[in-house]
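Just need the whole structure built from these sequences, with the hints factored in.
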Amino acid sequence: MFRRFFLNEMNMMAAIALNAVIIFLLYFPSLENNTFLALVEESFILLYLVEAVVKIRALGRQGYFSDPWNRFDFVIVAASVPSLFLHLLPLPDTSMVVLLRLFRLVRLIRFLRFVPHVAKILEGLGRALKASLFVLLALFFLNFVLALFTCHFFRDVVPEYFGNPLLASYSIFQMFTIEGWNEIPLAIARNTDSDWLAAFARVYFIAIVLLGGIFGMSLANAIFVDEMTVDNNRGLERQVEALHREIAELKKLVERLQR
18 MFRRFFLNEM NMMAAIALNA VIIFLLYFPS LENNTFLALV EESFILLYLV
68 EAVVKIRALG RQGYFSDPWN RFDFVIVAAS VPSLFLHLLP LPDTSMVVLL
118 RLFRLVRLIR FLRFVPHVAK ILEGLGRALK ASLFVLLALF FLNFVLALFT
168 CHFFRDVVPE YFGNPLLASY SIFQMFTIEG WNEIPLAIAR NTDSDWLAAF
218 ARVYFIAIVL LGGIFGMSLA NAIFVDEMTV DNNRGLERQV EALHREIAEL
268 KKLVERLQR
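Okay, so the sequence shown: first residue is 18 according to the working numbering, each after it adds one.
Keep in mind that a hint or two might mislead.
For each label pair, taking beta carbons as the anchor points, the in silico distance ranges come out as [claimed, not checked]:
no., residue 1, residue 2, range
1, 132, 242, 14 to 22 Å
2, 77, 49, 39 to 47 Å
3, 258, 49, 55 to 63 Å
4, 195, 40, 32 to 40 Å
5, 267, 161, 58 to 66 Å
Keep in mind that the hints were calculated from the coordinates and are not lab data.
All residues carry an ideal CB built from backbone N, CA and C; glycine is no exception.
This is the structure in structure tokens:
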């Protein structure tokens, strides 16, 4: 009974979900110092430790660690163990303590192993990132050049958007996402007395939105989606090829019967 509980994936999925709810509650200001919730949350570390021990005994050390998800779970749980001593030792609120407290969020990533076909999803995600890498690098370089160019011309007019290269890069990226881009040329028009500069800003930023937002981001998105669905496309292609072969065989059979 005890062993079956920890070897049942549905039980562990429910435990991780409950752990997520407890962590969610602990981030409310009125509950973040609640001792009971903190103890319940930390008891999940012991639960995960027992799970690891039971699985190692059931599968054997080699069988357990041959599974990448088991290795990931073990590292997460082992790294969470030091946080059990936070209430026992009078430690100052140092960056290490904060890091240990934040690490409890990483434990929730374990829930990914219960997502259906997660291996195929991650494999498709890797292919998509690799395929769209060139476009992403091109967009990064375009953002870099446009940020410097725009910072040179408009940093004194709208310093809140282009006061330095980092601000300018962020504002250009905002335009690539087509999120509130029209506010920037309007701010330039309000802050300058030059009609030609206001007109130039409108044309210039429209060109940025077209080039980086509509064409660039759309191209990156198209490549990404295409690579994510390539497995389905290949499956359909194999089915179509099989149908073609069957049709060809049927044609040959009909021709033989007609003779």
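Hints, verified against the model:
Between residue 132 and residue 242 the beta carbon distance is about 19 Å. The supplied range of 14 to 22 Å therefore holds. Taken as a hint, the range 39 to 47 Å holds for the pair residue 77 and residue 49, whose Cβ atoms sit roughly 41 Å apart. As the Cβ distance of residue 258 to residue 49 is approximately 59 Å, the hint placing it in 55 to 63 Å holds. Range check, residue 195 to residue 40: Cβ separation about 35 Å, and the 32 to 40 Å hint holds.
In this structure, residue 267 and residue 161 meet the distance hint of 58 to 66 Å, their C-beta atoms being roughly 60 Å apart.
Violated hints: none; the structure is consistent with every hint.
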